[in-house]
Amino acid sequence: MAIAKFSWNQNQQKAILSRNNENACKLNDEILISNIRWFIIFRWGVIGALILIHIFALITPDTLIQFRIIEENNWPLTITLILSLANLGYRYALDYCKPGKFNSPTINLWTQIVVDLICLSVVVHFIGSTATPAPFFYILHIALACIFFSTLESLLVAVIVSIMYTIVLLAEYTLSIQIPQSILIDPALMSDSKIKNHLLFWMTALNILFFTVWYVVSRLSLVVRAHENRLTEAYQQINQAQQEKDQYAVLMTHQLKSPLDAIRSKINLIKGGYCGEVTPEIDEIVRKIDQRAANMASLILDLLRLQRLKETCSCMAEIKPVKISRALQKCLEKLTPVINTKSIILNVSIDDFIYKGIRDQIEILLENIISNAVTYSHHNGIVEITSRVDANTRTATITITDHGIGIDPEDLPNIFNEYFYSPRAALHNNATSGLGLSIVKIAAQNNKLNINVASEPGKGTAFTILFPAVQLPAIIEEEYGRGSAPIGRPLAE
Amino acid sequence: MTKKIAHVDDDADIRDAVARILRKKGYEVTQYLTMRDFIASLETDAEHPDLAILDVMVESMDAGLTAYAEIHARHPRIQTIFLTSLGDMIRPYFDKTSNEWVCVMEKPVEPDSLLGVIEDRLNYTAAQ
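Protein sequence lines, in the order shown, are assigned to chains W and P.
First residue of the first sequence: 4, per the working numbering; consecutive thereafter.
First residue of the second sequence: 122, per the working numbering; consecutive thereafter.
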């Protein structure tokens with residue numbers, strides 16, 4: 004005996020999602036690599052500035068000595084050399100070395116930050132740890148660490164910065180540290196304790212600043228990363244939901260249409276004489292059954308088509324150049340049976356053009372409008388299809404005109420509504436699903452087309468489709484060589 | 122020589138309709154409920170059909186397409202015709218799988234159309 008256990012506990016799924024969120028607070032390798040490249044380029048900028056300082060020093064050394072920017076040691080040159088070599092090293096490790104245990108984006112970034120901090124500490128030592136703004140450059144590295152690394156790792160960087168700055172301070176005031184705390188009897192020692200207080204003040208103040216900056220920037224960074232992750236997740240969920248929705252629609256259509264297809268297949272057996280002779284009365288009834296079943300089938304397919312069109316947003320569908328003459332030819336081929344059944348005469352006059360849109364949707368739009376023109380014409384009626392291009396404004400129009408039953412003025416505003424059909428239309432065509440023009444509406448929306456409708460009851464209707472930005476025939480011929488329809492010549496009759 | 126045609130569809134009425142049409146025309150018809158049964162028969166039976174009529178959505182959304190890929194790879198001589206309820210709505214599913222020309226017919230089964238396409242496909246094999 005087989006046993007299967009089922010559980011639809013939604014809480015479990017939510018727990019899995021929130022766990023994933025926490026891990027996602029670190030940046031992934033791809034983003035780290037792009038940050039590394041930016042950091043390397045930024046450092047080249049700093050190296051450039053150092054070279055400028057060095058040139059300035061050669062020209063006017065006194066100014067720089069006055070500002071204590073350089074002294075006897077030629078630190079700009081040394082630091083420039085170290086930073087340049089290091090930068091080249093980082094680049095080499097990133098692009099030319101195989102990734103491994105000792106060569107990963109995280110290690111690369113850590114190396115950069117540590118080397119930078121050492122160099123900065125050397126600069127601060129020579130310029131002055133309290134008298135100049137040099138120490139504030141440490142804050143830049145703390146901020147960068149908050150952006151690149153996780154909260155704990157950026158805290159480690161803040162601690163390293165604090166230690167390095169403290170070492171620099173101590174190196175500068177070595178004498179005052181070596182004196183143990185004792186009663187100050189000798190007045191000469193007064194200045195040392197002043198220096199010591201000065202040292203303590205700066206150490207405390209800047210350490211508070213370092214850790215405050217770490218706290219603020221790391222919090223901000225977490226918030227931004229969490230938002231980004233939530234957006235990415237939401238986007239993925241939407242995509243998945245869209246796919247599932249389409250699959251569901253296809254499945255539903257199939258489930259609804261299959262029984263109808265079975266019924267109609269059996270009817271075809273009767274009609275084809277596979278079940279023996281049938282009386283004329285039975286034959287008539289069978290044909291009516293078949294007609295109603297056919298209408299239902301086409302309604303179901305229209306529903307799926309409409310659903311699919313509504314799902315498509317223009318950002319996701321493939322926008323390609325569509326040659327209008329070819330699209331019209333395809334529609335007319337598809338509609339040939341209906342055209343022949345009613346012996347409709349087609350007058351076609353095309354200025355060919357190319358429009359950038361969703362090919363399938365433009366074809367269904369044209370097909371539905373032409374199909375309506377044929378359906379609502381009388382027997383042996385005329386349907387005109389004309390297209391005109393305005394070379395100056397680079398716009399085009401296609402007009403489909405019939406001389407059939409027309410549309411009442413009070414019905415005209417509603418013709419694009421779903422499931423709408425006027426009583427007059429229903430009388431003429433009892434197979435109408437009311438969806439044909441709603442499909443046209445969605446296709447027009449997705450392709451940024453406008454439609455004008457002019458109609459007079461008993462005289463006919465003209466649908467004009469407005470194309471806003473088209474490519475002209477001369478350009479078509481250049482790009483496509485041959486194959487465009489000559490202006491004015493009928494496409495098909 | 123009598124041509125053999127295999128037909129896979131989980132709908133009993135469709136199977137009955139196709140069987141009647143094909144047998145009246147003189148074809149030998151073998152029918153299967155699932156793709157798995159059909160593919161298993163290809164492994165065990167000595168004689169293979171000349172043509173297979175496959176329902177696209179039997180067992181699952183794309184069972185027909187997956188089976189086609191397998192059949193075409195192992196037995197390229199067997200011609201295939203797809204039957205689907207979905208008409209050209211099925212196109213997105215086909216576009217991704219194959220660049221080859223694939224014959225797809227929309228249900229319901231129309232005797233004359235079906236027989237015409239079968240004859241065409243069998244003549245194509247003969248010509249090859």
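Any given hint might turn out to be false.
[As the list claims (entries may be wrong)] Quick look at which bits of chain W chain P covers, simulated, 3 or more residues with Cβ under 8 angstroms: (1) 120–127; (2) 402–416.
[Said to hold, decoys possible] Here are the computed distance ranges between Cβ atoms for each label pair: (3) P:ASP209 to W:LYS359: 35 to 45 angstroms; (4) P:GLU240 to W:ILE385: 33 to 43 angstroms; (5) W:GLU247 to P:GLY147: 31 to 41 angstroms; (6) P:LEU154 to W:GLU287: 55 to 65 angstroms; (7) W:LYS104 to P:HIS169: 50 to 60 angstroms; (8) W:TRP41 to P:ASP131: 23 to 33 angstroms; (9) P:ASP158 to W:MET4: 18 to 28 angstroms.
Hints in this document: simulated from the structure, not taken from any laboratory.
The beta carbon of each residue, even a glycine, is placed where N, CA and C say it ideally should be.
Against the structure, the hints come out as follows:
1. Given as covered by chain P, the region 120–127 of chain W fails the check, having 0 residues with a CB less than 8 angstroms from a CB of that chain where 3 are the minimum.
2. Counting residues of the region 402–416 of chain W whose CB falls under 8 angstroms from any CB of chain P gives 0; the rule of at least 3 is not met.
3. For the pair ASP209 of chain P and LYS359 of chain W, the beta carbons lie near 23 angstroms from each other, so the given range of 35 to 45 angstroms is not met.
4. Separated by about 39 angstroms at the C-beta atoms, GLU240 of chain P and ILE385 of chain W satisfy the suggested range of 33 to 43 angstroms.
5. For GLU247 of chain W paired with GLY147 of chain P, a C-beta distance near 46 angstroms fails the hint of 31 to 41 angstroms.
6. One distance hint, 55 to 65 angstroms for the beta-carbon pair LEU154 of chain P and GLU287 of chain W, is violated here, with the actual separation near 36 angstroms.
7. At about 56 angstroms, the beta-carbon gap between LYS104 of chain W and HIS169 of chain P stays in the expected band of 50 to 60 angstroms.
8. Between TRP41 of chain W and ASP131 of chain P the beta carbons are some 59 angstroms apart, a value that contradicts the proposed interval 23 to 33 angstroms.
9. Separated by about 25 angstroms at the C-beta atoms, ASP158 of chain P and MET4 of chain W satisfy the suggested range of 18 to 28 angstroms.
In this structure, the earlier hints numbered 1, 2, 3, 5, 6, 8 are contradicted, and the remaining ones agree with it.
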